[in-house]
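For what it's worth, the working numbering labels the leading residue of the sequence shown as 41, then goes sequentially.
Source of the hints: derived by calculation from the structure; they are not laboratory data.
Some hints could be false.
Unchecked claim - Distance condition first, Cα-Cα at most 27 Å in a straight line; then the derived DSSO-like pairs of lysine-lysine:
{"#": "1", "residue 1": "K78", "residue 2": "K246"}
{"#": "2", "residue 1": "K141", "residue 2": "K171"}
{"#": "3", "residue 1": "K141", "residue 2": "K78"}
What the hints assert, rightly or not - Pairwise CB distance ranges (calculated):
{"#": "4", "residue 1": "G278", "residue 2": "F127", "range": "20 to 30 Å"}
{"#": "5", "residue 1": "K91", "residue 2": "K168", "range": "36 to 46 Å"}
{"#": "6", "residue 1": "L197", "residue 2": "S173", "range": "12 to 22 Å"}
{"#": "7", "residue 1": "Y125", "residue 2": "T195", "range": "43 to 53 Å"}
{"#": "8", "residue 1": "Y81", "residue 2": "P151", "range": "34 to 44 Å"}
{"#": "9", "residue 1": "K246", "residue 2": "K92", "range": "30 to 40 Å"}
{"#": "10", "residue 1": "G193", "residue 2": "K92", "range": "23 to 33 Å"}
{"#": "11", "residue 1": "V217", "residue 2": "I188", "range": "37 to 47 Å"}
{"#": "12", "residue 1": "D199", "residue 2": "N129", "range": "15 to 25 Å"}
For glycine and all other residues, C-beta sits at the position ideal for the given N, C-alpha and C.
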Amino acid sequence: MKYAVFGVSHMRISMRFFITLVFTITTLYNAHAQDENKTHYSSWNTINVVKKFNDQWAVNVELNARRTNFLRDWEQIVIRPFVHYMFENDLDIAIGYSYIKNYNYASYSTPIDATENNVFQQLTIKHKFSKFSFDHRLRFEERFIDKITENDGGTFLIDGTTYRNRFRYKFQITVPVKTFTSNQSLSLVIYDEAFLAFGNGLRPEKLDQNWMFIGVGFRASEHIHIRSGYHDIYAKRGSIFRNNRIWETTLTYKI
């Protein structure tokens with residue numbers, strides 16, 4: 041009984057925190073409505089391969105292919121391996137590495153193709169209830185980003201790297217919709233993820249970007265899960281607000 045009361049109380053606190061987060065983000069972006077806005081349309085597709093060794097240890101690799109301008113141009117390629125250690129079923133810590141290739145696809149994107157390498161530490165806390173579940177994911181990234189400079193001739197080049205820190209907080213709600221068999225089910229997935237830029241220190245400087253997603257997840261078998269839906273991103277770059285409207289699909293395969 042005490043556990044149930046604690047769970048309900050914690051759920052209410054988490055929901056209040058999530059609502060406050062969304063309100064704060066919306067207010068921040070509306071406050072900059074006078075800035076220039078750019079919108080583009082993308083397709084993001086991910087393959088996520090997972091190998092679980094036992095109840096505690098697992099590894100996975102994400103391969104992300106991201107196209108934009110109605111699939112005409114490359115936007116980004118991301119390769120991201122993880123190592124996980126799990127406490128019971130509700131607490132997961134992970135470390136990982138990201139290789140990110142950013143492409144020049146518009147006047148407001150990176151002026152030339154550039155690369156980011158980062159390492160990160162991640163904590164995921166899961167809460168399961170009878171009719172839904174929600175997750176908190178906290179990730180801290182140490183980022184090494186190609187430094188782009190412009191020479192006297194007006195052309196751009198890579199001149200070393202720049203170091204930046206960034207914190208990401210993701211809140212996700214999953215609602216089961218229908219169970220077909222013991223290994224097949226359909227669910228509704230909603231999440232919001234805020235990115236806080238820390239510069240090269242440990243104090244947040246600004247809200248870097250915000251991701252919102254709504255879609256469905258389909259568990260096709262014990263090994264295969266597919267998630268697909270609408271993903272909306274706002275990112276601030278100088279005086280430009282960039283809105284990326286995405287259809288995103290992720291295929292997870294458990295070995």
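Structure-based check of each hint:
Distance restraint check for K78 and K246: the Cα-Cα separation of roughly 20 Å lies within the 27 Å cut-off, and the hinted pair is therefore satisfied. With a C-alpha separation of about 40 Å, the suggested pairing of K141 with K171 is violated against the 27 Å cut-off. At most 27 Å may separate the alpha-carbon atoms for a hinted pair to count; K141 and K78 meet this at roughly 21 Å. Hint check: G278 to F127, Cβ distance near 42 Å, so the stated range 20 to 30 Å is violated.
One distance hint, 36 to 46 Å for the beta-carbon pair K91 and K168, is violated here, with the actual separation near 23 Å. Between L197 and S173 the beta carbon distance is about 48 Å. The supplied range of 12 to 22 Å is therefore violated. About 47 Å separates the C-beta atoms of Y125 and T195, a value consistent with the hinted range of 43 to 53 Å. Taken as a hint, the range 34 to 44 Å is violated for the pair Y81 and P151, whose Cβ atoms sit roughly 21 Å apart.
Checked against the given bound of 30 to 40 Å, the beta carbons of K246 and K92, roughly 38 Å apart, stay inside it. Remark: the range hint 23 to 33 Å for G193 to K92 is contradicted by a beta-carbon distance near 54 Å. With their beta carbons about 45 Å apart, V217 and I188 fall inside the hinted range of 37 to 47 Å. Separation of D199 from N129 is about 47 Å and departs from the stated range, judged on CB atoms against 15 to 25 Å.
Comparing the model with each earlier hint shows violations of hints 2, 4, 5, 6, 8, 10, 12; every other hint is respected.
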